[in-house]
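2 protein chains.
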Amino acid sequence: MKPNATYHDLVIVGAGPAGLMAAAWASRLRLDTRLLDDKADRVQNGRADGLHTRTMEILDSFGLATSIERAAYQLREICSWNPDPEDESIIRRTQRVLSKEEDLGRYCQMGIHQGFIEQTFIDFLNTEGYVHVERNIQTKSLQIDEACTADHDAYPLTLRISHNRPPRAGNMSDETSGSPEEETIKAKYVLGTDGGHSWVRKQLSLQMNGDRTKKHFGVIDIIPITDFPDIRVSCSVHSSQNGSIMTIPREGRLVRLYVQLAETGSEGDGLNTSNITPEMIVETASKILSPYKLSYSHCDWWSVYTVGQQYASNFSVDNRVFLAGDAVHTHSPTMGAGMNVSMQDTYNLMWKLGQVANGIAQPHILHTYNSERRSVAIQLIDLDRKMSNFYSDGPGKETRDYDKFREQFRTFLSGVSVQYGPNILVPPNCAKELSTSPSEQFKLQSNQSLASNIIIGQRLPSALIMNHAEANIVHAHTLLPSDGRWRLLILPGDISNSSQMSRLHELASYLASPSSFVHTFTPTHAQIHSIVEVLTIHAAPRYKVEPFDLPEILHPFDAKLGDVQGEEGNFDDAYEQWGVNKDMGCVAVVRPDQHVAYLCELEGARQLESYFSQILLPQRMEN
Amino acid sequence: MKPNATYHDLVIVGAGPAGLMAAAWASRLRLDTRLLDDKADRVQNGRADGLHTRTMEILDSFGLATSIERAAYQLREICSWNPDPEDESIIRRTQRVLSKEEDLGRYCQMGIHQGFIEQTFIDFLNTEGYVHVERNIQTKSLQIDEACTADHDAYPLTLRISHNRPPRAGNMSDETSGSPEEETIKAKYVLGTDGGHSWVRKQLSLQMNGDRTKKHFGVIDIIPITDFPDIRVSCSVHSSQNGSIMTIPREGRLVRLYVQLAETGSEGDGLNTSNITPEMIVETASKILSPYKLSYSHCDWWSVYTVGQQYASNFSVDNRVFLAGDAVHTHSPTMGAGMNVSMQDTYNLMWKLGQVANGIAQPHILHTYNSERRSVAIQLIDLDRKMSNFYSDGPGKETRDYDKFREQFRTFLSGVSVQYGPNILVPPNCAKELSTSPSEQFKLQSNQSLASNIIIGQRLPSALIMNHAEANIVHAHTLLPSDGRWRLLILPGDISNSSQMSRLHELASYLASPSSFVHTFTPTHAQIHSIVEVLTIHAAPRYKVEPFDLPEILHPFDAKLGDVQGEEGNFDDAYEQWGVNKDMGCVAVVRPDQHVAYLCELEGARQLESYFSQILLPQRMEN
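Sequences listed follow chains A and B, in order. full-length UniProt numbering puts the first sequence at residues 1 to 623. full-length UniProt numbering puts the second sequence at residues 1 to 623.
No lab work stands behind these hints, which were simulated from the structure alone. Treat the hints with caution; some may be incorrect.
Since copy identity is lost for identical chains, a pair holds within one copy or between any two.
Below, computed lysine-lysine pairings styled on DSSO-like, alpha-carbon distance capped at 27 Å [to be verified]:
| hint | residue 1 | residue 2 |
| --- | --- | --- |
| 1 | K214 | K186 |
| 2 | K443 | K386 |
| 3 | K582 | K39 |
| 4 | K544 | K100 |
| 5 | K544 | K39 |
| 6 | K443 | K214 |
| 7 | K397 | K202 |
| 8 | K443 | K140 |
| 9 | K202 | K293 |
| 10 | K443 | K544 |
| 11 | K186 | K100 |
| 12 | K287 | K39 |
| 13 | K397 | K214 |
| 14 | K544 | K582 |
| 15 | K404 | K544 |
| 16 | K544 | K293 |
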């Protein structure tokens, strides 16, 4: 070990969307973080180009959705085109399908290029001022000191890097003491978000499962000159003889085309992909679109890819080195899911890593990263195989009923159906999981029937609520910003009904006691809601209850600022949408990533305490 | 005249909200503009604090609404408090009223301080890079050369200013050639947005009508510590003996209070306003709010104002010097209208000034600034008198029914009901105005019955429309950004009906002819839609019509970019909301400020030509 090593909590290798999402969390949680990239600048054009509703919700939790929504292209409709039965040499529209993502979350599907998203994150990081991208960095070696990986105060990782900058004047001859451009970093954690050819993955000798096919597609971003009437909506086009295309309209009058290039089969790869030009891709596209014409003057970006599906055998090693994004799952781009799933990988990982590094949560929660995200990657790989075949198998019954085909993955694609657990963070539902797989592992059980549409393990469904004190109407998710806090979401039902009000008071009086988890897991001098924030959404007619009728723990008082919390809301519809009985109510534990971890009755104080004691670390002595 | 004078199209004196709105237009229209302010920085806190729905629409037309909406406090409810009939020494809530501004436009009423709005404009100007605020500027003299005011290529105005900066090193002894800090500006136009004590107004010797009363109010922004339950909504509070308060919740937990200070009557002014302290204001407020308590630790800003209503005899001189905002109308702040009306003054003026200065429009349209905005100021002054009395007259029948009282001015306050004309820009409605006041002045008449809810002279009402080619749903106003363009809004009705489609084709073939106003008023090398943009919103079922069925003038083709326009929309509901018959249709001329200027049938090509020929200047020869 060199004496001049620098010490950091976390090193992120790769500043693409997954790495930048990780850095956004690291910034919010104030982790001492290095963010390294081997390239000279961010992506300028091309590459990934779609955002789904769950990703937009996540971006909004960092305050980043507004500018993206403004710049992006809304994708609300997909048209399916197939050979005309009367003349198979030309295509005709067979179906119009609404994408309906905005019914699943509060955003519709968006088309926007990866570089814009990266820039949005970079601006965010620069404004916050805690983490910055370091570019032109070459990684040299990564060593893990196995002896101390269990001690989360130790720095078991040694990363050697070099800064590929021209040597500074004055240091030119300073070669005896080693190159001035090299650096040794000692880190608690390393995250590899360095793409399909991941250097970090190679250091760990992790295997990729699955394989690549011999099917090739051209990808190209052009401003099209065409008489094809559906050029400004997304299309799935199958010709009888010339192959298939998927189109995605984009910001700035661009259109992205995915063009099937050659019928390569078991005879081996007859196509030399290095000879392909953008002109060839558009010429092929033009044949597929016949009788319509297609040409262009401006090409923004293009590439060729080979269909394949692969995923890593493990997403982490020793809970010290983690991999995410293309580094652990690669597939074809036609689903428009890759960037989304990659960002969601690190969105899942980083709040856990941050809470462990900051001494708030117990290190064993880090195991859930691999189990939660690897199962999502496997689902994605399965669906991608279906989607690839859909485009390469030629027209047929399935391509004519695109709507039905799409229903198989619409919800998964939107991202809202991703469900975690059961695991240490998400205890099983008493009614379901335990009956089929009883286990000693879980002391606790959730009660799904208390909120039939708040699915345990999924993100809290979107709903509008009204702030009681302010009369403002907001989306429930805006109460759940990505600031690292857990939320105790109390749904006491109709508290103009005195029995519900007294149940709420009983829960509140437990929460207010110095021995409750709200206190014991909160550092002594921190504000009472800084680790577990208590939010209340009641269903009483607003005019029948005054804010000050609610116990003080639900709206803490600060001698200087008065009532600090103004979040107590009410809204009848939210109860209906969430499937919560107004005469019963419930309590939901919401993780820092907006996923619902636990559901219990208003009398569940002890279970809640038991839940948090498995996950968080006590911060003060009980009196 | 000094030889070293600089020449500019426009000098704006005063960089408050009205001056900054003017500068935003000047920047968009690329006017050579100086923006001068005598202070060292923008407003930091306090002062104006409310935005109404029309102002938000205008801000959005410059792309500025999103960040303001995010930072502002939504004002959705107003509670009225009056003496408790059972114990007149305390107050009780008598009414809850929804402000419902979001029903009139697409924004609710917002609470946010003036400094934030100023900063939003300053950032906009810096990003555009054409106009910058110059601070610490002292204006010295303004001269008008009457001999050349009629020639709009001339520079009849001479403004002498001095830069109040410390003299630079090296220039200290350079006093023989005159002070280096003085400057002479020759300008085509001067705009005075320099507040209630306007220096520009004084140079013009314009009189203010109206007067000031002897009623005084304290204004204060505090973070309140209180048990008053409605502290986070806006309130109108009348006590029996201690006076009245209006409250407005604000961003960052602040609350603005307007507190009636003293019962000063015909006996003369018994209150020495220079002795008032913030503690006195809050103490008075606390008495009024009894039985509730009110105190504070943090006071952000405070002031004392004397009720009065005044407006200038004229808003412009020789169509060369213009006044706007507090410089021409002052009143009490309780309506929350001042900053809104002031910004709307210059929003009205500047597109006209820009089009005249750029040689696009005829100078006589400048006369409409005075007539259009002075009548708004007079309405405002009248309402303000009512509002002031409401707060100073003590509790009564009117204060108990706040809802009814507020209905008198709710629509005016929102800004959406402001109606211009009849004048040269807004010909009268044939059915109405002409029958009561026939006039030779107007060759043209609008036909209001074609679109019963698109009120001639008002801004186009908000409605959602779907982009036909893209399937995106947008607010109609987003098609009308403040870029200086006129819009020909063609509403051809249900064009799946062949007679409507052929009427549309007939209109389009006129517009496409080289002699149509779309061509003749557009400079030879400019894009065809750069002066008058043609927008089409049809009401056919979207699946029955293809975008390419529409004539090309409605979606111009560019050899490089393909179809440049993608704005043709359709939406049944918009027709219903706008009161347009789908089997009839109509054409609306929309001014660059989104106000509807003219309404005619689809066959109105000749009237449209006649309309524009009164206003615009021909740019090319007819062939």
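Going through the hints against the structure:
no., hint, verdict
1, K214 / K186, "neither (43 Å within a copy, 73 Å between copies)"
2, K443 / K386, "neither (39 Å within a copy, 68 Å between copies)"
3, K582 / K39, "neither (55 Å within a copy, 57 Å between copies)"
4, K544 / K100, "between (37 Å within a copy, 21 Å between copies)"
5, K544 / K39, "neither (61 Å within a copy, 50 Å between copies)"
6, K443 / K214, "neither (50 Å within a copy, 74 Å between copies)"
7, K397 / K202, "neither (43 Å within a copy, 81 Å between copies)"
8, K443 / K140, "neither (45 Å within a copy, 82 Å between copies)"
9, K202 / K293, "neither (46 Å within a copy, 67 Å between copies)"
10, K443 / K544, "neither (40 Å within a copy, 60 Å between copies)"
11, K186 / K100, "neither (48 Å within a copy, 59 Å between copies)"
12, K287 / K39, "neither (37 Å within a copy, 66 Å between copies)"
13, K397 / K214, "within (24 Å within a copy, 84 Å between copies)"
14, K544 / K582, "within (15 Å within a copy, 46 Å between copies)"
15, K404 / K544, "between (48 Å within a copy, 23 Å between copies)"
16, K544 / K293, "between (65 Å within a copy, 22 Å between copies)"
Hints 1, 2, 3, 5, 6, 7, 8, 9, 10, 11, 12, counting from the list given before, are not met by this structure.
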